[in-house]
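Residue numbers (my numbering), protein chains in the order written: chain A, 1 to 361; chain B, 1 to 217.
Treat the hints as calculated values from the structure; they're not laboratory data.
Where a beta carbon is used, it is the ideal one built from N, C-alpha and C, also for glycine.
One or more hints might be untrue.
[Claimed, not checked] Going by beta-carbon spacing under 7 Å, a handful of chain B positions derived as facing chain A: (1) L40; (2) L54; (3) V57; (4) P165.
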Amino acid sequence: MADEPLVLGIETSCDETGVGIVRGTTLLADAVASSVDEHARFGGVVPEVASRAHLEAMVPTIERALTEAGVSARDLDGIAVTAGPGLAGALLVGVSAAKAYAYALGKPLYGVNHLASHICVDQLEHGPLPEPTMALLVSGGHSSLLLSSDITSDVRPMGATIDDAAGEAFDKIARVLNLGFPGGPVIDRYAREGDPAAIAFPRGLTGPRDPAYDFSFSGLKTAVARWIEAKRAAGEEVPVRDVAASFQEAVVDVLTRKAVRACKDQGVDHLMIGGGVAANSRLRALAQERCEAAGIRLRVPRPKLCTDNGAMVAALGAEMVARDRPVSDWELSADSSLPVTDPHVPGHDHVHETAKENLYS
Amino acid sequence: MLLLALDTATPAVTVALHDGTDVIASSSQVDARRHGELLLPAVDRVLDRAGRRLDAVTGIVVGVGPGPYTGLRVGLMTAETFGLALGVPVHGVCTLDGLAYAADLDGPFVVATDARRKEVYWARYADSRTRLTDPAVDRPADLAGQVAGLPAVGAGALLYPDTFPRAHAPEHVSAAALAALAAERLAAGEELLAPRPLYLRRPDAQVPRNYKVVTPR
Ligand SMILES: [Zn+2]
């Protein structure tokens, strides 16, 4: 529909420079430049390297997105940008670009939350988000269980990791197995040929007195590393495929078990899974299986929309426009620890609007 | 000609509008930690004071440093994006050259800014328009021999009087000086720099612990 808001979104919270363009809930362009190769030899994202790469990539990526979408910058109804959370210096490059672009084009600016964007992106794949939606966000940076009744105004944290993110555990185990960085895709590949029940690795925080929706992957990480080291010390060959499959099973078992339990406890019949780890084939399969058994509808966007990208930011920006949320002002700053409960960063002059909260309900 | 100049390579967030002959409006605020917040409102203010709109600008001038990276990138990203949106050229100028120009000295001198970590960004000049050395980053004590007896300007010089006993103002760069210098060079048909940051140091290759863990506990 031509009267739906046309929004460009900019994402630079970590190592991907993303620029996406959407019209309402329709994806028009999703341009991403990644600096992941430059980080590989360090085994993780180096903030200064990421920030330098964002500055280099920004203008070409904006141009690529506009070409891909076949729209003119003049026709945009708004510019959205990840204001946080994320790496401070990296976020600041995107925020600076978005502010300058919005100002020069005379368009409204929306500083939005990275985590809410991860949830909202599913609108581009499966249409408007059911309200409420339970969301499991899992990546190298996040492992959170969030409940949202309105993605522009109400996102509640149900649980989160108390130590490492799930994706970090994948990276670490891949490193111990000498499989390279990032670890997610390569572990997934080896695991397909391994036995997930070969080794009984621990399931963190699943005891009866443990917090029901929080996660812990640090103990698992250590247990797997010790198991591998013990094999090596004994001069035995490490069964890489079985280790990968058993480790992966321990992670996705806990993630899906807690997500489904949260849905049941809260009476929510939709679960969305986002973040880079949502590309994991076993996570998708097990989530599907358990959701079906529990009568929950599972929504998982295609892998490219699960990892960090600009389209997710544009998707949330478009929703802000559609629901007439207040714009950000020119003083908008990057907030590396923006709380998940703030889906966007309205300007100081505006009073938070609630009147149109139930527009779609 | 209407040039919008900005620089965020020193603790100053500085913006100026130059019509090819004179600076017609400018703003400078010193706050090393808030470049990102302050720059756009400053641009808006300067345009407002001059009674002009951004789309009247025919070129952007930006200080390319050297300077602390996080702040430096705010200016460069803003300048580059303005260039993209407006379809106008973006000219880079070495931030130290802007300081040298504002110093308005005829004889040899040194420009030094604060590079943090007990180092300075610096270069030697024959006069206010002529740089003799490439910008470099060093510990002040290691420069003593190369800058002995010379007057010096910039916060880096003022910070280390043992190395720079003849240090004086200006302390930070002003976009007004940067714009005037760029207008002069453009009028003379000189090529300015690409809008790329002068980093001078390799990135710290440190992966912070829990580098991506950003959700509230
Ligand atoms: Zn993310």
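Q) Honestly, which of those hints from before does the structure not fit? A) 3, 4
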